[in-house]
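**Q** Starting from the structure of chain X, add chain C where the hints point.
Those sequence lines, one after another, are chains X and C.
Residue numbers for the first sequence follow our numbering, beginning at 23 and rising by one.
Residue numbers for the second sequence follow our numbering, beginning at 23 and rising by one.
No lab work stands behind these hints, which were simulated from the structure alone.
Do not take every clue at face value.
[What the hints assert, rightly or not] Some chain C residues judged to face chain X by a derived CB distance under 7 Å, without partners named:
{"hint": "1", "residue": "G63"}
{"hint": "2", "residue": "A119"}
{"hint": "3", "residue": "C140"}
{"hint": "4", "residue": "E144"}
{"hint": "5", "residue": "K154"}
This one's a predicted model, so the numbers in the text were calculated from it and none came from an experiment.
Even glycine gets a Cβ: it sits at the ideal position worked out from N, Cα and C.
Number of protein chains: 2
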Amino acid sequence: MCDICFSERGEKSVVETGDLLMPKFDHDGLIAAVVTDAGTGDVLMLGYMNAEALKRTIETGEAWYWSRSRQSYWKKGETSGQVQKVHQILTDCDQDALVLKVTVGGNGATCHVGYRSCFFREIDATDGSAMKLKKVEADRVYDPEDVYGKS
Amino acid sequence: MCDICFSERGEKSVVETGDLLMPKFDHDGLIAAVVTDAGTGDVLMLGYMNAEALKRTIETGEAWYWSRSRQSYWKKGETSGQVQKVHQILTDCDQDALVLKVTVGGNGATCHVGYRSCFFREIDATDGSAMKLKKVEADRVYDPEDVYGKS
Numbered sequence: 023m024c025d026i027c028f029s030e031r032g033e034k035s036v037v038e039t040g041d042l043l044m045p046k047f048d049h050d051g052l053i054a055a056v057v058t059d060a061g062t063g064d065v066l067m068l069g070y071m072n073a074e075a076l077k078r079t080i081e082t083g084e085a086w087y088w089s090r091s092r093q094s095y096w097k098k099g100e101t102s103g104q105v106q107k108v109h110q111i112l113t114d115c116d117q118d119a120l121v122l123k124v125t126v127g128g129n130g131a132t133c134h135v136g137y138r139s140c141f142f143r144e145i146d147a148t149d150g151s152a153m154k155l156k157k158v159e160a161d162r163v164y165d166p167e168d169v170y171g172k173s
Numbered sequence: 023m024c025d026i027c028f029s030e031r032g033e034k035s036v037v038e039t040g041d042l043l044m045p046k047f048d049h050d051g052l053i054a055a056v057v058t059d060a061g062t063g064d065v066l067m068l069g070y071m072n073a074e075a076l077k078r079t080i081e082t083g084e085a086w087y088w089s090r091s092r093q094s095y096w097k098k099g100e101t102s103g104q105v106q107k108v109h110q111i112l113t114d115c116d117q118d119a120l121v122l123k124v125t126v127g128g129n130g131a132t133c134h135v136g137y138r139s140c141f142f143r144e145i146d147a148t149d150g151s152a153m154k155l156k157k158v159e160a161d162r163v164y165d166p167e168d169v170y171g172k173s
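Chain X extracted, bound-state conformation (with noise of 0.2 Å):
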């Protein structure tokens, strides 16, 4: 017996179409998430999960993450106060990447810049000499400069 158990890589059908959940993590032992907001839609972040994190996210019902550039578990929010209510955890057919459907705690915030999402910003044309990215959030939630100080 065990509350949160994954099951073993299985036949490639039972892998695609079955209903055992076998996650795949990659040579880093990490498996990539995909966050999104669980009102909208909208695609907040891209996270990476251990077996570790993503066995605490679906206990606690609250987002864990494996941070590749600290090292080390990553609860989101527990600074911040964005903290991410799971509402739902979709997998993809060979089961090597998630998809969180999430709500937003705090000021709702989820960029460390200040921006709802961390994809705040579209690939634009090019000036002939570099491709160019624009704003699609036309403001920030809030300056993370006011909380945390120059960094």
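**A** Below, chain C alone, put in the same frame as chain X:
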């Protein structure tokens, strides 16, 4: 002069809030691309692009990927007709992930097992020995065996 040029990675603040596309490709030369339905916002798949695949996507307006399993370029829909017309490409704060908003051609499915989205299953409760999956799409758009025969 060049039509599709990516700028070299710059200062953190320039990458995170600037107006130049400076994609970060990982140690395999890849960047993750979350693909969403431009109409519904639903996440359809997660693919990976190298620099050339991203250039082809921007240039042609149709999505190209790098297939990690086949180690080759992969124009989505080339054989299935499920071509992805790209309406918008977003990048995140650290520019190591993309979101593509697309319209799917052909029969409208994205998943090779026949569903509209590759994320057609959600993580359900545990049965006490393993986490189970439950379908969120009731029916497949098509049966791949009808098209390609038994694999």
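**Q** Against this structure, judge whether each hint is valid.
**A** Each hint, compared with the structure:
1. G63: 3 Å, holds
2. A119: 4 Å, holds
3. C140: This hint holds: C140 of chain C lies near chain X, its Cβ roughly 4 Å from the closest one there, short of 7 Å.
4. E144: Given a least distance of 5 Å, the restraint on E144 of chain C holds.
5. K154: At about 5 Å, which falls below the 7 Å cut-off, the nearest Cβ of chain X leaves the hint on K154 of chain C intact, so it holds.
When the structure is compared with the earlier hints, no violation turns up for any of them.
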